[in-house]
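Once you've looked at the hints, dock chains B and C against the given chain A.
If you read the sequences in order, they're chains A, B and C. Note that the working numbering has the first sequence beginning at 6, numbered continuously upward. Note that the working numbering has the second sequence beginning at 7, numbered continuously upward. Note that the working numbering has the third sequence beginning at 2, numbered continuously upward.
It is worth saying that the hints were derived from the structure and are not from the lab. Any given hint might turn out to be false.
Between beta-carbon pairs, the in silico distance windows are [what the hints assert, rightly or not]:
no., chain 1, residue 1, chain 2, residue 2, range
1, B, Gly125, A, Leu64, 31 to 41 Å
2, A, Val72, B, Arg242, 31 to 41 Å
3, C, Gln20, A, Arg128, 16 to 26 Å
4, B, Gly125, A, Phe30, 24 to 34 Å
Covered stretches of chain A (in silico footprint by chain B; criterion: 3 or more residues with CB under 8 Å from a CB of chain B, positions within the stretch not fixed) [claimed, not checked]:
no., stretch
5, 12-26
6, 136-147
7, 177-186
8, 245-252
9, 267-275
Some, not all, of what chain A presents toward chain B, calculated at C-beta under 8 Å [unchecked claim]:
no., residue
10, Gly69
11, Val150
12, Thr256
13, Ile308
In this text the structure is predicted, and so the values were computed from the model without any measurement. Beta carbons: idealized from backbone N, C-alpha and C, even for Gly.
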Amino acid sequence: MLRFVGKRLWHGGLTLAALVTLTFFVMRLAPGGPFSRNRKISPEVQANIEAAFHLDEPLWMQFGRFVWGVLRLDLGPSTRHRDYSVNDLIASGLPYSLTIGLWAVVIATLVGVALGLAGALRRNSATDYLAGLVGVIGIAIPIFVIGPVLQATFALRLDWLPVGGIGEGWRSLILPVIVLALPNIAYISRLTRTSMIETLRENHVRTARAKGIGWRRVLWRHTLTGTLLPVIAYLGPATAAIITGSILIETIFAVPGIGRHFVDAALNRDYPLVMGITLLYGAILILLNIATDVIRAILDPRIRNER
Amino acid sequence: MSADVAPAPGVSTLRLQARRFRRNRLAMASVVVLALIVALCFLGPYAFPFTGEDADFDNISAPARLTWPHLFGTDDFGRDLLVRVLEGGQVSLTIGFLGALVAGVIGVLYGAVAGYAGGRTDGVMMRLVEVLYGFPYVILVILLSLLFGGGNVALFAAIVFTLWLTPAVIVRAQAQSLAQKEFVQAARAGGMTGPAIVVQHIVPNCVSTVIVYGSLLVPEVILSESFLSFLGIGIREPQASWGNLIQAGTAAMGSDLRLLLLPGGLLALVLLCLNFIADGLRDAFDPNDR
Amino acid sequence: MTGSLLSIRDLGVRFRLPQGEAVAVDGVSLDLAAGEVLGIVGESGSGKSQILYAMMGLLAANGRATGQVLFEGQDLLALPPDRLDRVRGDRLSMIFQDPMTSLNPYMRVGDQLAEGLIVHKGLSRTEARAEAVRMLDRVRIPDAAARARRYPHEFSGGMRQRVMIAMALLARPKLLLADEPTTALDVTIQAQVLDLMAELGRETGTAIILVTHDLGVVARLCDRVAVLYGGRVMEEAPAETLFDTPAHPYTRGLLAAMPRLETALTPRLGTIPGTPRSGGTVTGCPFVDRCEARLPVCSTDRPPLRDLTPGHRAACHLTGAAP
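Same shape as in the complex, but just chain A:
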């Protein structure tokens, strides 16, 4: 198991290195620079500013400087938000992004699995149709449509919840978390439903029923693992979807998280900030993929023995 994790970490590290390198050069190759938008700066001032951020150095030296910074966990100063380092910006935004993202994952998993199981066990019942409806809505209606619609309804018309921002504690979190969880509830419930139906058809479940140990115990001990394995495998990619979603969520609900920072930074060519957030997202994604692999290996002895 340790070797397995080690190997995955090594592969993940390589992917992360490739991601960061690619991001670095793509950013630099893209037209425009961090200070090209400012209208009236004299060439000397511009040169001074660029020198301060080492933008006058050859590209490979800038890259070397960046890598050296990463190794010291120092991501450098932001070019757009003067007087703030990238570390500061991430430290201020990450808690909001993480809080919303984690709650969304937890709720999506619990609700999705529950809906999927209920649908599979009572096929063609009212619950099954309800789950199907939630699935269809969650998959077909994009976050950036359902988000504003909920805002308009629950915040502007009914005035139950804040429109956005983070000023009202947990009440501010309700709408963003629900909207972010919705598409994942849809995927997870669909996945759970088909997986459960397939598992129920398996021969070993028939063996368990033949043992006369009671339906409850058959479900609990003989179908749950098989059903949840594909769901757990999906949680890795789901995190990626949550990251994508959180960028939208933070835009729609005006949450000062790192997702909104990322879009701003990319549009304004804030190189250090883009690099820092890319690195962070990449690392989160890779670590979660490894974590899901480990959980799967713990649950499925066949995966464990494979490597």
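Chains B and C only, in chain A's frame:
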């Protein structure tokens, strides 16, 4: 001597699958609705005496009263909302279908070559896919659309570049098993070259898989386009797309929800139809899957 | 046949299909005494496995059983699920066809065995595990104590089927149902596994119903045989009687198709022409299309099962007409 040895999906099989699809009421209804929306988007604007970019200064922010000519009213520049939404639909639908087609073709060829070649070539090709898969999708697509300089073409290229991976992986798995089949080995023994085998034997035999997954690509591309346009990275004003119309609708939702609901509703309806069609295709081609 | 352990009366099994209703088992009646071994033979699709599934309450969701299955005086078909669960896995157990997929891949073998004992006999986890290891040892799993902590994928096919046998016999059932337990196994170990099953059955005094299409297996292990065709019993007799004086044309066809040492020099084995008809109820004898001795009456009247000698019954107009 070799082209005719392939048991490519015979006409009868395809016909059977088509019949199965046609019996699926939800999927058939979706096809009809989708066709109507496409026709409306591409033909509808001709019925109006103005385009979506013409401002009518006498009717600024006119409400939706279903009266001619501004059926659903105008936005705060006096541009007709319905026409803008239909024109935005042209952009979103074109990018969606074209993008899915291009991404699908690239993915299928890549996967077919990797799966057929096997060995070291396959290893290298799939390692690349694996690395790209490891990238957070948003970061990649945002960076790429910046790299290509913004605008419609850049957007298109970025979306295609991020979405060909899944068809590649799926087709590769199928090509791998096809490469072991007797008729492929017979073709090889008969002196057929690698590229010819890929094009004549591997790809045609992946057709059903490709159709099923290709149909899932279309909504994904449309979603990506509107997502980026919503964030202000994709299609820009004054050109309309569903993404930036929804964005504009969000900004105005405090006073007027119709700016949000019209493009948003249409987008949701299209995505819904495409998903039902994809489901129907999967059931028709692969009835054991359920 | 005193002290009947099991008495199946007019059992029918039907499946609802998109194209209509299919009859898998049609009016089957059988009796079994304690400790007896009954073989049910027939071609695939003859409904032989469905009899077992009906008894265990394991029919597919679209299947329905009618008639009576009296096991120790209780009608299994009429029991509510929780009462049925007290019977199956305890006094009535089953071994399935495919050992490769019939064990839970995510659970240690020992725990899968122990589970039944914990539920049915109220043993503690430790006691049940110890009992499971003893049983694995008896089905000759080498190093049983260590093996019990392993997972099914670490066992070979033959070993897995021995695990299944251990699981089925662990609770010392009164009746064991075996559904073609060796068809998925290598020919070389088929006999070994079957002999083990029969031997343990004798030791624990367990009656066995063995469903198979292999007459050789029947000849070696069974006290009595029922021949099934088209969901109906064609002939039933003590094994020796059936092999010596088969009465039904179908049985004779089956026996002619069976290779024997003495006839190894005959150039070719017999075959039964045609294929079994499928689905639908038939008015006459289900075998009529393929029978070489058919009479006009065979396609119009269903031949009843008639006693030829005590214990030997056959359903054929020919045997009834000329005893």
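Worksheet item: Do the beta carbons of glycine 125(B) and phenylalanine 30(A) sit within 24 to 34 Å of each other?
Response: 31 Å, holds
Fill in: Hint validity - glycine 69(A) Cβ closer than 8 Å to any chain B Cβ
Cβ of glycine 69(A) sits 21 Å from chain B, so the hint is violated.
Discussion item. Using C-beta distances, would you say chain B covers the stretch 12-26 of chain A, given that this needs three or more residues below 8 Å?
Written reply: Answer holds; 6 residues pass the 8 Å Cβ test.
Discussion item. For the stretch 267-275 of chain A, count the residues whose Cβ lies under 8 Å from any Cβ of chain B; is that count three or more?
Written reply: holds (count 4)
Practice prompt. May I ask you to test the hint 31 to 41 Å on the CB atoms belonging to valine 72(A) and arginine 242(B)?
Written response: 35 Å, holds
Worksheet item: In this structure, is the beta-carbon distance linking glutamine 20(C) and arginine 128(A) contained in 16 to 26 Å?
Response: Distance hint for glutamine 20(C), arginine 128(A) holds at roughly 21 Å.
Worksheet item: Residue count check for the stretch 136-147 of chain A against chain B: does it reach three with CB-CB under 8 Å?
Response: As far as the stretch 136-147 of chain A goes, the hint holds, because 5 residues have Cβ atoms under 8 Å from chain B.
Discussion item. Tell me whether the statement that chain B covers the stretch 245-252 of chain A is true, taking a Cβ distance below 8 Å and needing three residues at minimum.
Written reply: Three-residue rule met by the stretch 245-252 of chain A, so holds; n is 4.
Worksheet entry | 8 Å C-beta test of the stretch 177-186 of chain A against chain B, three or more residues | The restraint on the stretch 177-186 of chain A is violated, since only 0 of its residues have a Cβ under 8 Å from chain B and three are required.
Worksheet item: Does the interface hint hold: is isoleucine 308(A) within less than 8 Å of chain B, judged Cβ to Cβ?
Response: Hint violated; isoleucine 308(A) Cβ to chain B Cβ min 18 Å, cut 8 Å.
Worksheet item: Quick one, is the valine 150(A) hint okay against chain B at 8 Å, beta carbons?
Response: Holds - the Cβ of valine 150(A) comes within 8 Å of chain B, reaching about 4 Å at its closest.
Worksheet item: Does threonine 256(A) pass the interface check with chain B, least Cβ-Cβ distance below 8 Å?
Response: Hint holds; threonine 256(A) Cβ to chain B Cβ min 6 Å, cut 8 Å.
Of the hints listed earlier, those the structure fails to meet are numbers 7, 10, 13, in rising order.
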